[in-house]
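*Asks:* Please model the complete structure; the sequences and the hints are all you need to start from.
Take a look at the letters that make up each chain.
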Amino acid sequence: MIVAACGDDSAETTTTAAATSTTSGATTTTAAGETTTSAGTTGPQPGGTYRIETDGIAYTSGGDPSGEYLGISFGIFTNLLARTLLTYYHTGGANGNSLAPDLAVDFPEISDDGLTYTFTLKDGIMFGPPLSRPITSKDVEFAFRRMATESVVAQYEFYYDGLIDGMALSADLPDSIAGIETPDDKTIVFHLTKVSPDFVFLVAMPATSPMPEEVAGCFLQAGEYGRYVVSSGPYMYEGSDQLDASSCEALVASGPISGFDPENHSYFVRNPDYDPATDDPAVRANYVDRITIDLNTNVQDIYAKIRAGELEGAVSSGNPPADVLQAYATDPALAPLLKEGGDDRTWYITMNLTVPPFDDVHVRRAANLIMDKAGILQAWGGDISGVVATHIQPPGLSGLGADYDPYATEGHRGDLAAAMEEMKLSKYDTNGDGLCDAPECSGVVMINRTSSNWTASEPVVVNSLAQIGIQVAVQEAENHYTIIQTVANNIPIGMNPGWGKDYPDSSSFVGFLFDGRGIKAEGNYNYSMVGLSAEQAAELGVVFGPTVSVDADIDACKLAALESEQGGLDCWNALDMKMMEEIVPWIPYLWPNILTTIGPAVTSWDFDQFAGTTAFSKLAVDPSLQR
Amino acid sequence: MARYIARRLMWVLLVVILVTFLTFLIFFVIPPVDPAILFAGRAPSERLIEEVRQSLGLDHSFWVQYGLFVKRIFLGDEYGWPGFGLSFVTRSPIRENFLERAFVTMQLAIGAAVVWLILGVLIGLTSALKRGRWQDRASMGFALFGVSAPVFWLGLMALYIFWEKLHWLPGTGYSSFSEGVGQWFLHFLLPWVVLALLFAAFYARMVRGSLLEAFGQDWIRTARAKGLSERKVVYKHALRASLTPVVSLFGADLGTLLGGAIITETVFNLPGLGTYVVRSVQNGDLPVIMDVVVFASLAVAVMSLVADILYAYLDPRVRYS
Amino acid sequence: METRESAFGQGEAPREPEVGAAAIVGRSPWQLFLIRFRKDHVAIFALGFLVLLVLAALFAPVIADRVAHHGPNDLFIHDPVKMVNEFGLPLGPNKQFWFGADRSGRDLFVRVLYGARTSLLVGVVATGFAVFVGVTLGLIAGYYGGWRDTLISRTTDIVLSFPLLLFAIGIVGACSASTEGCFGGLIKPGLQLVVFVIALFSWPNIARVVRGNTLSLREQEFVDANRAVGASNLTIIFRELLPNLVAPIIVYSTLLVPSNIIFEAALSFLGLGVPQTVPSWGRQLAEAAEVFRVAWWMMLFPGLFLLATTLTFNLVGDGLRDALDPRTGR
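Residue numbers (the numbering used here), protein chains in the order written: chain X, 1 to 627; chain Y, 1 to 321; chain H, 1 to 330.
There may be inaccurate statements among the hints.
Unchecked claim - Okay, derived cross-link-like pairs now, DSS-like style, lysine-lysine, Cα gap no bigger than 25 Å in a straight line:
| no. | chain 1 | residue 1 | chain 2 | residue 2 |
| --- | --- | --- | --- | --- |
| 1 | H | Lys39 | Y | Lys130 |
| 2 | X | Lys138 | X | Lys122 |
| 3 | X | Lys578 | X | Lys424 |
| 4 | Y | Lys236 | Y | Lys226 |
| 5 | Y | Lys165 | X | Lys305 |
| 6 | X | Lys520 | X | Lys578 |
No lab work stands behind these hints, which were simulated from the structure alone.
Quick caveat: nothing in here was measured; it's all calculated off a predicted structure.
*Replies:* Right under this line is the structure:
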């Protein structure tokens, strides 16, 4: 169905611990992280074409690596087209969340004060056609300068803004950034303004991949560069060699690249300038000669073709339809072809701390206690589609698993008695009968999506809340995110949001979502308004405020992470618990699985934990089995 | 005649301008989505939103924006003429995509038109010739069904029966002519028939009605009295006379179809203008919406103009006043 | 002459009515009309079905409670009565659930029954608004003529040139963009919005019919006679014209209801109609579209009810029209 090209899908960029999610799903599926190989010690044979169809890839910036922030683009770029200073092992499970040197010979040298990061580039790394020239530290620097250019609309520039010394949005392409030095072609030095242990993850994001100024510099309007991307990875768009890079005019005249049309297809062929010796086979294996992704608006048809061997895989905006999942999960012959990967994401119901009746923590706790999470999971597609979420951060991110459940109820079905006890403590239960009965308790607007998993589970949420007297009026909208991200709408409750990590660190999860300093009028992500100050409340026109703040906890955890990795994890997990027990901004309900099917000709397949997609650089086929 | 056509052309132009103006107004005054916020992506700063607003041209006043749009349509833009503009969402020129999708919708509409003309005329003819007999009742029953049945339900039922159960036809989706005539035909067969049914029903009723009326006319009685064979009377005189209104309706209906096979395309997953515009409304992709609206209203207006001219040509009794 | 309104909400203008039809009605409208209609057994049968459907819709809560023993929002998603399987697919018809269940494990029979309420309500109310607007404008255009006629007729032409479904989608999308609704909060998202949008686009056909009929009535002797004795325009409109227009208005309203019901269903099918908590046949069919290959009941039952409703409305409308103007008779 239709993907809202919206902030949410930002959420699709999550990774996870396969350890927790794979055990939860149907036992018939193959766990992520386990590369499927055709047996034998020789490994998969190189060559062949891996054919994929998609019901529509949502691009946030027309395929421009500076502006793409959805998981699918992260997967395509980091596997195929864009090498970064550091990257991930493109595999499932915890290993897929760990970093490996990519363009850099090794992890950075970090100064004693933690503020200076020095990377040395490998020899033999080259841009593909039409340039076919060595990649230098200047090309990496250019990626940052380009990100800082307003017209490019780099979607996650905010991670770097103010962190790298002198990095700030500017109207024109900045000549330089004070905090980035390139003393020679092989060395790049970053000076940070504050200690930030997650910086290593930030240089593994596709927007930081090297970009040649002579090409990318010609396209400084958002979305323009997408169809002229020069590859630094093992593959390139087919037809890249047809570009004429002698001047900007010549580029436009010879372009765009025929192998990439965001509305139609993406065709990848081997990049002749890529030297496998500069890469690690555990990071990218690059078996196939060609990968094709074509548009097919009929999802059922895509999965039918995969089953028939006419395709190897799907890139779809959701999991396969329930009937397809049922067919694969219940047929032992097909079960090995159903692939599963954990998604470092939490689907949740958000409650607004500034809008009655959810300005009362007892109401929020009661809502957590009454929620029939098992029912929601059932309506989503049952156990195969994920596990009931019991707290904010997905276990793959922090290691805190489902055994921590502050609102445990039998079978996750909700507990009416406990919820009513909690509700009695609330001022909105005026007569102490355990039901929300103040006028604020009825006609409470709840935002929802229009896609089927959400609409199917909507009655479960509505009925659950009704049991404690909260009568919601559901409003389903395609632009659900815009609605809840506009503070002035004062939306009390929404069952539409989900959040997935951008990179495997809590600072892109609890450390990002509940920072009161990040609240803004439009495009706000702190839907619950945690940490809203009195000044902000006045400025934004929010009636109830200030709200309880965790800003100090967030800062403390960032410092703790610097001391030791474990200290950081413990601190973030403690914050997760505090959020659940004291602040209660959410009703988390699902840690989802990502599912897909592969064709019978596939001899190697892996899940990419970082991007939450197929690991495109780990695919292999046996052409004799293709139809 | 020339003056009549000139006046009608002016009217077409006026309608298109009014329709686009109102569309623009609706989406401008009450946009379903703020494209700037959508495009600025995750956690945008206010400055970034402002930047996007400027780059999309959303910071201009309503009149300037509408003026630029009209200019783009009439004078073309950097991607050619007429100017289709740049998509807010993909940030790439709309032109190529639009034309591809318009081609899909045209195949759907023209195929459906052929089906409904054949069905409509045949059924109407049968029913008029066999007036009062079971053929007539069956035909009119079909017509009633066609008028009443919701297109999307017919589509689903047809898919269930012919695709899922009988395996006679492939599923939904688009298969282009170049991929093989057989597949192309099979993929379009159901959409054509389902879309045509409603119109076929109207045409059958209309052909029947005007044939019956013609049979009662003096000149038909005269023709019969002159000893012309019944066959000749029916096919040469009566049918011809009764097809004249069909021609005038057909043009307008075809125009309507081109503009909005939205439901059929949705049910059958066809990448045409209908599904394009639904998605664009959801994305707030105003340039695409405007392009489709211009195309659709132009199609309606031009096709009904053509039909009127043809009608006048076929039936000299029509006077232009 | 025929009112045409496709599922796309794109109406074709009805032909101008023949003067003869109005003339017959003009003599003794009601008696002739009723006598003829009573002879039309098919139409009477269809009317009977409609009465049953209205009763079923009215008493839906009672039927749900006493007959089906399930409410429209009861979820059967957990044991012991679980109507979805482990993959979230609904289960088909059985003794307790005559029409099977939907994806949320609700009784489809009860949902379909309640869906009749939505369809009839939206169809009738939207038609009511459309008729009110259409009759008013048609009367003004036909009776006064001149610039008023030109203005109204041209407006009608332009509305009919709109890509209506597209517009409807746009307005619904726009008005659902925030909880405030649109037009200064006048139109709220949900049922109200759907009625508004449908009414907005379905008045032109009625206006055309009324205008045509008024034009021919205006020229008749009794109007002249009234004018001669000094009756005011309003008196003539309400005393003389309107009573003579009642029959055609009833006929075309009856024919407009099914097309508006389909319009609502089409909007809901595209996900832009009534909210999910309000049972609607179009919405149920949209949900069916995703699983119809394995859950045929979700497609079959709401669709059959929808078809039966539009079919009978059309039959009744055709019967009324034939009674009004026997020359088009079968």
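*Asks:* Are the hints correct? Go through all of them and say.
*Replies:* Status of each hint after checking the structure:
1. H/Lys39 with Y/Lys130: Distance ~23 Å between H/Lys39 and Y/Lys130 Cα, so the pair holds.
2. X/Lys138 with X/Lys122: holds, 14 Å
3. X/Lys578 with X/Lys424: holds, 22 Å
4. Y/Lys236 with Y/Lys226: holds, 14 Å
5. Y/Lys165 with X/Lys305: With a Cα-Cα distance of about 18 Å, the restraint between Y/Lys165 and X/Lys305 holds, given a limit of 25 Å.
6. X/Lys520 with X/Lys578: holds, 24 Å
Consistency with the previously given hints is maintained throughout, with no hint failing.
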